[in-house]
Amino acid sequence: MESNDWQARIWRGNAAAVVRAALPTGFRELDRALPGGGWPLGAITEVLVDGYGIGELGLLMPALAALTKDDPAKRKKWVAWIAPPFVPYAPALQQHGVNVDRLLMIHPTAGNKSRLWAIEQAVRSGSSVGVLAWVASVVDDVVLRRLQLAAEDQGCWVLLFRPVSARLQRSPAALRIHLSQAESQAATRVEIVKCRGGRPGILEVAGFALDPAPTSQASRQ
Amino acid sequence: MPRLLHSLDLFAPTPSEAPRVDEQAAPRKLQLWIAVCLPSLAFECLAAADAALPAVVVEAERGQLHVVAASSAAAEAGIASGTKLGTALALAASLQVLERSPSLERNCLEALAAWAETLTSMVSVEAPDSVLLEVAGSLKLFGSLDSIKAKLQAELARRHRDFRFCVAPTATAALWLARAANADVLQWRQLAGSLAALPLAVTRWPAEVQALLHDLGLRTLGDCARLPRDGFARRVGRSYLLELDRAFGRCVDLRAGFKAPQAWSSVVDLGEESVDSEIFIEAVEQLLDELCAELGRRQAEIASLDLTFEHLHRPPTVERFDLREPTHDRDRLLHLIEDRLERSALPVPAIALRMESGVFRPLEHTGADLFEAKPHDERAEALLERLQERFGSAAVYGLCAVAEHRPERAWAKSPEARAQARAEQRREQLPTRAGMPAVEQRREQLPKKEARPLWLLQKPVAIEARKDSLKLVSGPERIESGWWDEQDVARDYYMAKNGQGQRLWVFLDHRTRSWFLHGLFG
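Those sequence lines, one after another, are chains A and B. Going by our numbering, the first residue of the first sequence is number 1, and it counts up by one from there. Going by our numbering, the first residue of the second sequence is number 222, and it counts up by one from there.
In short, the hints are calculated from the structure, not lab data. Heads up, none of these hints are tricks.
Calculated lysine to any residue pairs in the SDA-like style (CA-CA distance at most 25 Å, straight line): (1) B:718 <-> A:164; (2) B:718 <-> A:84; (3) B:634 <-> A:114.
Work out the full structure, taking the sequences as your base and the hints as a guide.
If you want it as structure tokens, here you go:
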């Protein structure tokens, strides 16, 4: 009796983090590691990655497919891609179940400033349900904080792709993950660097790299 | 309606000359015309240099300058309309003489007529100094004739116009009664009596016609109306008889409707030269207020806007705003202009700001759905517009997949993402019967089992030198296509992996026997 009472009085940090909403990632291991069971909506997620072609987009595909799915009950909103380094290939996106009609490509003029301006506009407008942006390693903390607030207001999924060198910088992002190549060929190593309401950790997410079929199935779950 | 008195037939009847009047065809539905007369318009539309000094507006008539309008100070000196300029100068030594400007008067009248379209759809400009409004159809909307008159009065006072107006069942009668500053006539049976008492001068018929009538001993309209029609038509003129008939409501009184110009422009004088964007924004806000009020009145929207900065001793700088979508939203226009002003610096200070709208388009109303609130997505439009305004229209686009074997042609930019979104919306708004399967609108797709990379390079990059560091994982997939448009390809695609663990999409070109990188499995 006494011990139960004592346990009930312990304040646990986990409960303090209010997770507003989450978007299932489509990967069981990752969902389990993230609070709320998915990508945090209404917050910034930072993806720290050097180089492309290690499954950094594949990791997002089930979530993107779910976001762009036509839902007659909801208003249609964009998923904005700001300054993607290459051409997002529409046939491949379709293979992953993404509705390419809802994607909006934005190529700001050179410079981080105009990119961040575009991100903020896209988030604030309330017409984007998701924003994927590729930014430089050095980003003003104040700007990030403002973005975070805007994302909270709009319930928007904001993903910032930054070089790994940005890892040492402070960031108000709710989730920071570091992606790298896993030992096995068809997997990506995901290191959770920071996670609001969760714990840092390392896991390998498999099944989306070379063969798109499993992911498209995951998205339909 | 009083019948004509055919009492005395002095002249032999010539039926062809006098228009026959069918008494039965008199208008059944009562029209109510308001005639607004601006007797001092000639004076008001020219700004006198010094209000305290007497001033007159003159016009040349038969080689002599006559006073058309006089200020109150000049009137006190004994100058009236019609006075010769020489006489006027003798009466008041410090007289300011202004030349009459018919175009300015016309502009003033048209501005008033454009405003009057808020009261009724039937407005007619009666040069040189009157505007006619038919308001019977607006009575229900505004409640009563008095409230319409009150609005009219307030607007005329706001424009600092000396005015007289009068209501009558016919346009000509209203005009004549207003010129005589007569009381309103609201019923048919009062019309003839009221008109009969008016002096002939209100008709503004040519002087010789008026002199002729005067010599015949006719002083009022009633005197004319009592004459036999045939004789009047022959001796005075058929057109004057017709005009009388119109005034008395014996025949239809048609007026040309006024159509306000389908564009708008205005200027704000900054007072002094400036480069301060805050001052500009203030001026822009003022202009936008005017513009949007105008758009609201006209139930219109615009698709383009020119903002012109006037400089001293230099041609003006014009900033053009082409909108993706017609709008009448003040804030949206303001955001666009603010964005532009933030980024562009003026070469030299500006002295005035001019705003010119593009052609007005009728406002498109979107019906609200009772069960599924799906209003047109203004916010998405505004986002696209701001982005395109800053980065250019080519920098913002949508994606679509194309049924094509050549990888670089299997996707396309869809700049009309907006049009597409709208079309989709329309399609959805079409009523669909419950239970019926929705028509699949997907584009035709090639059956694709083969993996495609999520990242595609704009152009394949030659990698022959590094070919050995690549490990081919799977493949080949032969793509040979396009012989018909002379951009044919013959390639073997492989999935490969390089030393850094990047998964690449490479191909061997059969023509050149060289290797290219074409995509990344992101």
